[in-house]
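Asker: So the sequence lines, in the order shown, correspond to chains F and Y. Okay, so the first sequence: first residue is 1 according to the numbering used here, each after it adds one. Okay, so the second sequence: first residue is 1 according to the numbering used here, each after it adds one.
Because the hints were derived from the structure by calculation, they are not lab data. Watch out, some of these pointers could steer you wrong.
Which bits of chain Y does chain F cover? Going by a derived footprint, with three or more residues having C-beta under 8 Å, they are [said to hold, decoys possible]:
hint: 1; segment: 38-51
hint: 2; segment: 74-84
hint: 3; segment: 159-172
hint: 4; segment: 175-182
hint: 5; segment: 239-250
With a straight-line Cα cutoff of 20 Å, these simulated EDC-like cross-link-like pairs (lysine to aspartate or glutamate) come out [as the list claims (entries may be wrong)]:
hint: 6; chain 1: F; residue 1: LYS67; chain 2: Y; residue 2: GLU349
hint: 7; chain 1: Y; residue 1: LYS67; chain 2: F; residue 2: GLU29
hint: 8; chain 1: F; residue 1: LYS291; chain 2: Y; residue 2: ASP50
hint: 9; chain 1: Y; residue 1: LYS38; chain 2: Y; residue 2: GLU349
From the three backbone atoms N, C-alpha and C, an ideal C-beta is built for every residue, glycine too.
Protein chains: 2
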Amino acid sequence: MEASIKNNIKAADLERLQQLDQEMAQSRETVLGYPTSKDFDYSAINHFLDYPINNIGDPYEEGSTYKVHTHEFEREVVRFFAKLFRANPQDYWGYVTNGSSESNLYGLYLARESFPKGMVYYSESTHYSVRKNIHLLNIPSIVIRSQPNGEIDYEDFENTVRLNRHKPAIVLTTFGTTMYEAKDDVSRIKGILKNLAIHDHYIHCDGALAGTYGAFMDPRTPFDFKDGADSISISGHKFVGSPIPCGVIVTKKSTRDRIAKSISYIGSLDTTITGSRNGHSPLFLWYTLKKLGVEGLRARYESSLEVAQYCEMRLKEIGIDAWRNPGAITVVLPKVPASIQGKWQLATEGDKAHIICMPCITKAQIDAFVYDMANCEEEVEEKFEFDF
Amino acid sequence: MEASIKNNIKAADLERLQQLDQEMAQSRETVLGYPTSKDFDYSAINHFLDYPINNIGDPYEEGSTYKVHTHEFEREVVRFFAKLFRANPQDYWGYVTNGSSESNLYGLYLARESFPKGMVYYSESTHYSVRKNIHLLNIPSIVIRSQPNGEIDYEDFENTVRLNRHKPAIVLTTFGTTMYEAKDDVSRIKGILKNLAIHDHYIHCDGALAGTYGAFMDPRTPFDFKDGADSISISGHKFVGSPIPCGVIVTKKSTRDRIAKSISYIGSLDTTITGSRNGHSPLFLWYTLKKLGVEGLRARYESSLEVAQYCEMRLKEIGIDAWRNPGAITVVLPKVPASIQGKWQLATEGDKAHIICMPCITKAQIDAFVYDMANCEEEVEEKFEFDF
């Protein structure tokens, strides 16, 4: 039987890998519609892939017997964002997650544990994974109307909460919606709750894309701990850039401690959602943050903003009705012909498409896209939205 | 301001990375107590780290606009295990997860969606993350007693379920418990449910460690689809080996389709738990599975089993009360002195420790460990278990 045991991969399989490599190299060049930074260079730390790193458990709990972890680096990543999000230096906690879905799940989980009889409110522009999370956690919820720019409709929010004043309010705000990069104003939400005297409330801010640079916006939209958030989630693979989807959740240590008790009661000391955890992603994030520093991150945002302004202007010049939310790096435009959508990998919703001017996007790419748009003779396909 | 923007990482930070590298290289050599394969070599595909791969969404749903993914490879990984687990070739589905916690969460989620009024049963030896998952999903549950070897107590199970015959039964069986690598017999569980005429039932098998080689055990313990499981989860970073924690969930397509409907109702087409998903891990798993083939995986198990038998024998020779469950690669022994526990990174629970003879563990390492044990003059620390 020994003879049949393979020790090497077949030539045909290696060819498939080479083909995948080529396809990816090609596809990577023409992503305009997805919030992915492609300009990372982790060649200096890629060799850590030789190790089976596992950041199992709470990064702040020492004493894990398994020593191949990067908890120390993970804590520094959390600290960086806690500071950027103006958390109380004595009262913050967090960890690096597998992405914003897990970060949001964790925020909602903390909220539910804090207020088991709470009602969740979120706008219709909220990322679809949030609905999935709420369903998973089994919490009642109400969807609030969005304004045309994608921001939550504060009036609808106030009226809806008013009808449910007897219940604790859990609000999931979005700081940078998927399609229009609209930002819900956390201070305004907090003000409405205060006005209705709802003391039992929890605000989780989903800042997947824009949370990373929210601190640099001028003028800024309130979203952070000082503004009233109880937890904030961001993606690591979006604006910072990482080969593997990852995210960060930052919350208050006091909230986490409350949870730790209920978790300890069910026989677990682990306050994170998963058990075994990716220890490479914290290292990637740490590396970029150390390389950039706060000012480097700011410059990264300003450069994206400049490209976004350029993109909006160029599209308007050729008669396309493009627009942006204040401080947004996302340019919204009417739906584009199928060939252009496919080539530039543009996400489309309803009759709108968008270009996200991630740090890797250059003015030359915008020019190439604008050229395609100006010279495309294909019509935008009009489809019935519903079958009957 | 431009002058203050860093483009490079500081020398001190680089030194920290070098130190981490050294520490990891050292720690990696003396892991005997954790189910981690360290013998992987992905140097041929590490360069895929240059790409921001994202396996967003269901791997079987084509048409994602984002093209930098490895869905095709992911499906082949799922197919490999579906076949190994004797799933119906016309009725299986699955995806690569971030680890067993997510896989188990998904299995329980499918169970809850199938039977919203169900009661979950699991043994006290079940991994702690399962309790966390059940808490997260908000499902009522009952813990069943374990036998001394860590296997579920079938009598206690039968008596408990008998008292709850009016409720659908969701059973989480473990195939390889954390401490003793005990395996719950799925056929026996299924038989008990049949005997009690509980038609509405769902069995999820947590095969984090042993599920990967369960098919090669001789005699085998029933655990797979033919034996009665509705879903099976395994870890990828454990027996197969991967630098990043990952897992696989395999379930029935028909169950997944039922869920897809309820998910579609809440406005999401994505049947996975997270949105953005790691696309590198499927590639790692695919690579090793292609390299090994089924027979290579079998040989990998047989070699581990041989080392485990050797370890048990050597420990017994020096008068240590070591034992193994049938077909297990885990050797259980009484708690060891603190210095040895630390050096060899042995997980300890109560008065027991264990050595898991993962494929990377050699007889020479076992000899070195046995030498340390025979020559250690330190006493095992006796502590009061409770403060008062």
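Asker: Please verify the coverage claim for the segment 175-182 of chain Y: does it have three or more residues whose C-beta sits within 8 Å of some C-beta in chain F?
Answerer: Our answer is that it is violated, as 0 residues pass the Cβ test (under 8 Å) against chain F, missing three.
Asker: Examine the segment 239-250 of chain Y for residues whose CB is less than 8 Å from any CB of chain F, and state whether their number is three or more.
Answerer: Per the Cβ count (5), the hint holds.
Asker: Count the residues of the segment 159-172 of chain Y whose CB lies closer than 8 Å to any CB of chain F, then report whether that count reaches three.
Answerer: violated (count 0)
Asker: Verify the coverage statement for the segment 74-84 of chain Y against chain F, using a C-beta to C-beta distance below 8 Å and requiring 3 or more qualifying residues.
Answerer: As far as the segment 74-84 of chain Y goes, the hint is violated, because 0 residues have Cβ atoms under 8 Å from chain F.
Asker: Is the coverage entry for the segment 38-51 of chain Y by chain F consistent with the three-residue Cβ rule at 8 Å?
Answerer: holds (count 11)
Asker: Can you confirm whether the C-alpha distance between LYS291/F and ASP50/Y stays at or below 20 Å?
Answerer: holds, 18 Å
Asker: Please verify whether LYS38/Y and GLU349/Y have alpha carbons no more than 20 Å apart.
Answerer: Cα-Cα ~24 Å, so violated.
Asker: Given the hint that LYS67/F pairs with GLU349/Y, does the C-alpha gap stay at or below 20 Å?
Answerer: holds, 18 Å
Asker: Check the hint pairing LYS67/Y with GLU29/F against an upper bound of 20 Å on the C-alpha distance.
Answerer: holds, 11 Å
Of the numbered hints stated above, those contradicted by the structure are hints 2, 3, 4, 9, listed in ascending order.
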